[in-house]
Amino acid sequence: MTGRWNDLGADGHAMAEAAFVALETAATLDDPGFDRATPARPSPSALWAHATGAAPIPRAELAAALLADPGLRETLEGLMRRAAVATGPRVAAASTAERVTERGGDGFRLRLLPARGAVDQTWVMIDLDRPDPAPSRLTVLPADGPPESVALDAPVDGAVQLLAETASALVRALADPAATVFLH
Amino acid sequence: MGVMQAMDGVSAERTAIEGGRSAALEQALRTVAETDLGSGPKYSALVVRELTRTISTRGYGRPLLELMHLIRIAEAAGGRHGWPAVLFAVPVARAAGFRGAIQRAAGGCRAFGSDFELVEDGVEIAYPDGRFRVTYGRMAFLAALVEFAITALGWRAVDAVLRAWLEDRFALRAAGPHANALARLLYDHLKDHLPTVQALRSYRRLTRFLSTTRGDGFGLDDLDDATVLAFWLGGDASGEEPGEPRTFRATLEQVARMRTAMQAGAERRSVDRAAPIGGDRSAGEVDPDTLLGVLEAHDRPADPLRLLATPPASAIKFLTGRETESLDLIATLGPQAPALPLSVLRAEIFGAAQSRLTQAARRRAPATELATLTALTDCESYDQRLDYWNRLDGQLRRIALASLAALLDAGRAEAVGEVLAHVPDADLSGLRGVAASGDGGRVVSLGERALGGVLAALADPTVVGAAVAGVVVEARAALRAVSRRGFGPEERRDPSGIDGFAAGAPAVRSAREALARIRRAVDAVLPTDDRGGRFAVDRSVFAERFAELYGVAP
Amino acid sequence: MTGRVQVVVATTEGPSTVLRVTPEDPSLRSVVCLGRGTTVLPISRAYDAFVRAPTGVVERAVGHRSFRTDVSAPIDDGDSWQLGLYLAHRLKAAGRLAEDDEPADLVLWATGAVDGDLAVRPVAQVDEKLRRSAGLFAAEGTRMLVVVSADRADALAGLPAGVRSRPARTVAEILGELGLEPPPRPARARRLRWSLAGLAAAAVVAGAVALVPRPQAPPVDPTPVLLAPATPHVAVGPPAFSPPAFDPAAVGLAVLEARPQDDAACGGGERLVAVEPGGPTAPGVCAVVVRAANGGAAAGFVWLVLLAEGSFREYAAGSRSVEAASGPLAPGDRVEARLAAPSWVRRPVVFRALMVLADREREEATRALASVDGLSAGDLDRLTGQFRELGLDVRTLRHSIQPRP
Numbered sequence: 000m001t002g003r004w005n006d007l008g009a010d011g012h013a014m015a016e017a018a019f020v021a022l023e024t025a026a027t028l029d030d031p032g033f034d035r036a037t038p039a040r041p042s043p044s045a046l047w048a049h050a051t052g053a054a055p056i057p058r059a060e061l062a063a064a065l066l067a068d069p070g071l072r073e074t075l076e077g078l079m080r081r082a083a084v085a086t087g088p089r090v091a092a093a094s095t096a097e098r099v100t101e102r103g104g105d106g107f108r109l110r111l112l113p114a115r116g117a118v119d120q121t122w123v124m125i126d127l128d129r130p131d132p133a134p135s136r137l138t139v140l141p142a143d144g145p146p147e148s149v150a151l152d153a154p155v156d157g158a159v160q161l162l163a164e165t166a167s168a169l170v171r172a173l174a175d176p177a178a179t180v181f182l183h
Numbered sequence: 000m001g002v003m004q005a006m007d008g009v010s011a012e013r014t015a016i017e018g019g020r021s022a023a024l025e026q027a028l029r030t031v032a033e034t035d036l037g038s039g040p041k042y043s044a045l046v047v048r049e050l051t052r053t054i055s056t057r058g059y060g061r062p063l064l065e066l067m068h069l070i071r072i073a074e075a076a077g078g079r080h081g082w083p084a085v086l087f088a089v090p091v092a093r094a095a096g097f098r099g100a101i102q103r104a105a106g107g108c109r110a111f112g113s114d115f116e117l118v119e120d121g122v123e124i125a126y127p128d129g130r131f132r133v134t135y136g137r138m139a140f141l142a143a144l145v146e147f148a149i150t151a152l153g154w155r156a157v158d159a160v161l162r163a164w165l166e167d168r169f170a171l172r173a174a175g176p177h178a179n180a181l182a183r184l185l186y187d188h189l190k191d192h193l194p195t196v197q198a199l200r201s202y203r204r205l206t207r208f209l210s211t212t213r214g215d216g217f218g219l220d221d222l223d224d225a226t227v228l229a230f231w232l233g234g235d236a237s238g239e240e241p242g243e244p245r246t247f248r249a250t251l252e253q254v255a256r257m258r259t260a261m262q263a264g265a266e267r268r269s270v271d272r273a274a275p276i277g278g279d280r281s282a283g284e285v286d287p288d289t290l291l292g293v294l295e296a297h298d299r300p301a302d303p304l305r306l307l308a309t310p311p312a313s314a315i316k317f318l319t320g321r322e323t324e325s326l327d328l329i330a331t332l333g334p335q336a337p338a339l340p341l342s343v344l345r346a347e348i349f350g351a352a353q354s355r356l357t358q359a360a361r362r363r364a365p366a367t368e369l370a371t372l373t374a375l376t377d378c379e380s381y382d383q384r385l386d387y388w389n390r391l392d393g394q395l396r397r398i399a400l401a402s403l404a405a406l407l408d409a410g411r412a413e414a415v416g417e418v419l420a421h422v423p424d425a426d427l428s429g430l431r432g433v434a435a436s437g438d439g440g441r442v443v444s445l446g447e448r449a450l451g452g453v454l455a456a457l458a459d460p461t462v463v464g465a466a467v468a469g470v471v472v473e474a475r476a477a478l479r480a481v482s483r484r485g486f487g488p489e490e491r492r493d494p495s496g497i498d499g500f501a502a503g504a505p506a507v508r509s510a511r512e513a514l515a516r517i518r519r520a521v522d523a524v525l526p527t528d529d530r531g532g533r534f535a536v537d538r539s540v541f542a543e544r545f546a547e548l549y550g551v552a553p
Numbered sequence: 000m001t002g003r004v005q006v007v008v009a010t011t012e013g014p015s016t017v018l019r020v021t022p023e024d025p026s027l028r029s030v031v032c033l034g035r036g037t038t039v040l041p042i043s044r045a046y047d048a049f050v051r052a053p054t055g056v057v058e059r060a061v062g063h064r065s066f067r068t069d070v071s072a073p074i075d076d077g078d079s080w081q082l083g084l085y086l087a088h089r090l091k092a093a094g095r096l097a098e099d100d101e102p103a104d105l106v107l108w109a110t111g112a113v114d115g116d117l118a119v120r121p122v123a124q125v126d127e128k129l130r131r132s133a134g135l136f137a138a139e140g141t142r143m144l145v146v147v148s149a150d151r152a153d154a155l156a157g158l159p160a161g162v163r164s165r166p167a168r169t170v171a172e173i174l175g176e177l178g179l180e181p182p183p184r185p186a187r188a189r190r191l192r193w194s195l196a197g198l199a200a201a202a203v204v205a206g207a208v209a210l211v212p213r214p215q216a217p218p219v220d221p222t223p224v225l226l227a228p229a230t231p232h233v234a235v236g237p238p239a240f241s242p243p244a245f246d247p248a249a250v251g252l253a254v255l256e257a258r259p260q261d262d263a264a265c266g267g268g269e270r271l272v273a274v275e276p277g278g279p280t281a282p283g284v285c286a287v288v289v290r291a292a293n294g295g296a297a298a299g300f301v302w303l304v305l306l307a308e309g310s311f312r313e314y315a316a317g318s319r320s321v322e323a324a325s326g327p328l329a330p331g332d333r334v335e336a337r338l339a340a341p342s343w344v345r346r347p348v349v350f351r352a353l354m355v356l357a358d359r360e361r362e363e364a365t366r367a368l369a370s371v372d373g374l375s376a377g378d379l380d381r382l383t384g385q386f387r388e389l390g391l392d393v394r395t396l397r398h399s400i401q402p403r404p
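Protein chains in written order, with numbering that gives the first Met the number 0: chain B, 0 to 183; chain S, 0 to 553; chain D, 0 to 404.
It is worth saying that the hints were derived from the structure and are not from the lab.
Because the structure is a prediction, the values reported are computed rather than measured.
Even glycine gets a Cβ: it sits at the ideal position worked out from N, Cα and C.
One should not assume that every hint holds.
[Stated by the list, open to error] Just so you have them, the derived chain B footprint on chain S, three or more residues with Cβ under 8 Å:
no.: 1; segment: 21-27
no.: 2; segment: 35-47
no.: 3; segment: 85-99
no.: 4; segment: 204-217
no.: 5; segment: 254-266
[Said to hold, decoys possible] Not close to chain B: a few residues of chain D, all C-beta gaps over 12 Å, as computed:
no.: 6; residue: 58
no.: 7; residue: 102
no.: 8; residue: 126
no.: 9; residue: 135
no.: 10; residue: 153
no.: 11; residue: 158
no.: 12; residue: 165
no.: 13; residue: 169
no.: 14; residue: 172
no.: 15; residue: 180
no.: 16; residue: 251
no.: 17; residue: 272
no.: 18; residue: 274
no.: 19; residue: 337
Starting from the given sequences, assemble the full structure and let the hints guide the process.
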């Protein structure tokens, strides 16, 4: 083969161009530039490790990543759904300002009850249709902001209850109709 | 070609598809590459590079098909939570990790044993219309691919395709349309995000330069050292970083890539000449698998360095940081390095100087400092670099020999292969008697019983000859003399550490071979008595150009 | 008497005052909370069973089935809080419980279990509880009434002058003392075996095995009784508090820190340094060791548990965060449990050591601790109380270390 430039023909030129572009592209992608100031985002497997509790991502880091990349929330929600024992979807509400006191999902109902013994506290009551598998964690993914998670005690007579500050991010998220609830 | 001033400040986030680069795509790749679940990087340098190549060539067709089958396997093994519980839960993506996860799950899943069969190196799916095997070794790359796809395309889009596949009938032929659906999504995304615009611009700039300087009939031999220098001196001065001059090293790498590209184009031309008339490939269409092959061949010399940075070899300090850095350019240039030997020398020496200048310009050093740097008075000479390469060669040989001794001590069969690599024309037929395989066959048996005897006999000159026995002696001496991490007798007690030697020894030899090729090439173009003069001339050329580029008064 | 009464529940860690009793939504289970906060104490499950009919006695008395009771300090002990909380409920129902910071005319200090017939059952370590409340008893200007089971009357001998005491066999006796109506007589005098076996079903989920109830005392009421249907239980040997030759007090519990030799990294040679539990230590600890050593003249049996409190990422991935050791402990013998510290952590990590002693191996304890890997700090709290109820000697130590400087 002579390999002279004007001898390559259409196919040869197409190949040379495609090969060069691919090589250049690969080189560019491998070495994206000196600026590494922006922190790396969590990958799907990092989000899975967070959703399953195997390797939780620090709250601030996750919040920043979700803010910077809305697609991440979609992935996190999808993975949480996969990892969950049961999921409670967004609640249809008459207005966005409405606060939810009861919501449910496949196999459970969750209620928010004001604690009579303390004005600034709320009971979270979860009634399970099936005792098995018993969830050990409750996670809420609000429309904005990072997920809130809390450990659950073993159910008694199919019910789990926990006490939380009414002003806590957990309770506010549970009361938000736009949030999604997961039992893990 | 004017004076290029270093720009004040560089914007932190460059969105710039117009600039030819997509931050989103780079972010997606970086996200996958930097995944760390607490046990170190999940994906090795080799896997990340393979992913980059696959994306750059759009060669994801077959890998996506393989991925579909892996998803079937992982979905069955993942239990209630499905495929993410396998592909995402393995903390370090290596064959052993996937093997462990799947074998553990297989015990509790009835489908394993009927639809899915565990074989030696992977899992085989027994579809009604055919079988498909995914090896454990392949799973790391496929896992990286699906993570990239989700990161770039979003969870919903990818999950929809995978869900549709899993709900489709259990048949080999049913996988294709779903793989294609995902491929289309990737194609559409990459169309907008691959930095092809900039790459095309570079291509046109370089081919225009060549046509102008060497005529339209320019060939591979015109892409030589002179072209590299002339292109750097005379071509467009702008570099990859906005506001920064192009580095000599970047120009060299680009010309090397063009050489590979031209060779690929010429091969295609000659293949198609031989093709029957009315062949089914339309003019201009380039097969991604062929492209992938071109990139893999170009990458091959750099892969040993990536391998040394990947477990299990990375547990052993085969090379120092300086040694790795010294080999990096030679490896990156791929098979083209020996064709551009003078440029390699120039890049090593004047490229280093340009790095220092770039750093100084970024931090807005005073003019006096820039002037000192551009004068290149303290520059390493060609003689000094070649001396260093000579010493480096010796060091690489000693490390390779020490690795051979480590394998011998550990009773590993790979030691035989290493001996043969050092003494290629050795006659090891004498080992046959030692191996006592009993069948009198021509192949020396390396069954466990026989291995110990074989390895011991490698040191016996009456069995294997003086050359081989001598190498073994030298290897043992080399091992005693090496004090790098991983080589010490206490460290070598760990049997899993010896895997590092088995993986790393051939890589060290490959790196040494790449260095040897460039040294031979330099010797051919730059005889010893020429070196001093050539260096003096080159230095003044580079000094003058640096002064222009970095705004220093001559 | 009339007037407001503040109720104090006795524990081995000191007195815990009842701050508030609040009727809650009937769909909720009763809980005991710490200090009006959201921390729900581990005894809540037992408390709910104590409140809710038919097993519980509070609902029968006051007509409501769900309560939230806030106390000032943690209550770990098995059942000895029952007397105090029952009286608190009765006082609340009568409008006489001094809650929050209300002034009280009387401080009622109580320790004892209450069975289904409202008899007051004896509990262990009354001496220790009295000792721990010495400060309370010494406070000037406070009228105090100390109430214990009649079987523990001897423990009252050490009370300061001016502190009134009332050993009792029945709750009715104490109610009378307080000027409250006697408890409602149940329609049938039924002996209910108040046991922990009822919790077994839920406890099995956590992997722990329920422990056996206390040995039965003879019935107080001479009227014929109907036995409740038998519930499964495990046979118990002679009560552990009859004087054994083995002396738990002679067993020392020590905490040691494993540190690297000569500032090297962990994983090489190391030295063990005995430390004051809970005392300050320098960072750079590789592992914590607890050691039980028998300095007495007779052999016994020891169970040791060492737990790193909190959760750490790599512990979650499989390395151990709990270790247990058990075995016979002859005179001069020692048993150790060792747990590696999470070496990458740069903040204090609390290690909790639990030592349980008996004169011989107790199957229930061994079984309860067999699934130690699955135990949480809360499970350990509950088991601690149950071991004490069995009459076993239990000691808890906490020690905070910083693995990495």
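Comparing the hints with the structure gives:
1. 21-27: holds (count 3)
2. 35-47: Held - the segment 35-47 of chain S has 4 residues with a Cβ nearer than 8 Å to chain B, which meets the minimum of three.
3. 85-99: Check passed, 3 qualifying residues.
4. 204-217: holds (count 6)
5. 254-266: holds (count 10)
6. 58: Residue 58 of chain D clear of chain B: closest Cβ-Cβ about 16 Å, beyond 12 Å.
7. 102: Holds, since 21 Å exceeds 12 Å.
8. 126: holds (34 Å)
9. 135: holds (25 Å)
10. 153: holds (38 Å)
11. 158: With a cut-off of 12 Å, residue 158 of chain D remains clear of chain B, as the shortest Cβ separation is near 33 Å.
12. 165: Fine: 30 Å to the nearest Cβ keeps residue 165 of chain D off the interface.
13. 169: holds (30 Å)
14. 172: holds (30 Å)
15. 180: holds (25 Å)
16. 251: holds (35 Å)
17. 272: holds (33 Å)
18. 274: It holds; residue 274 of chain D is separated from chain B by about 31 Å at its closest Cβ, greater than 12 Å.
19. 337: Holds, because the least Cβ-Cβ distance between residue 337 of chain D and chain B comes to about 25 Å, which exceeds 12 Å.
The structure fails none of the hints (numbered hints given earlier).
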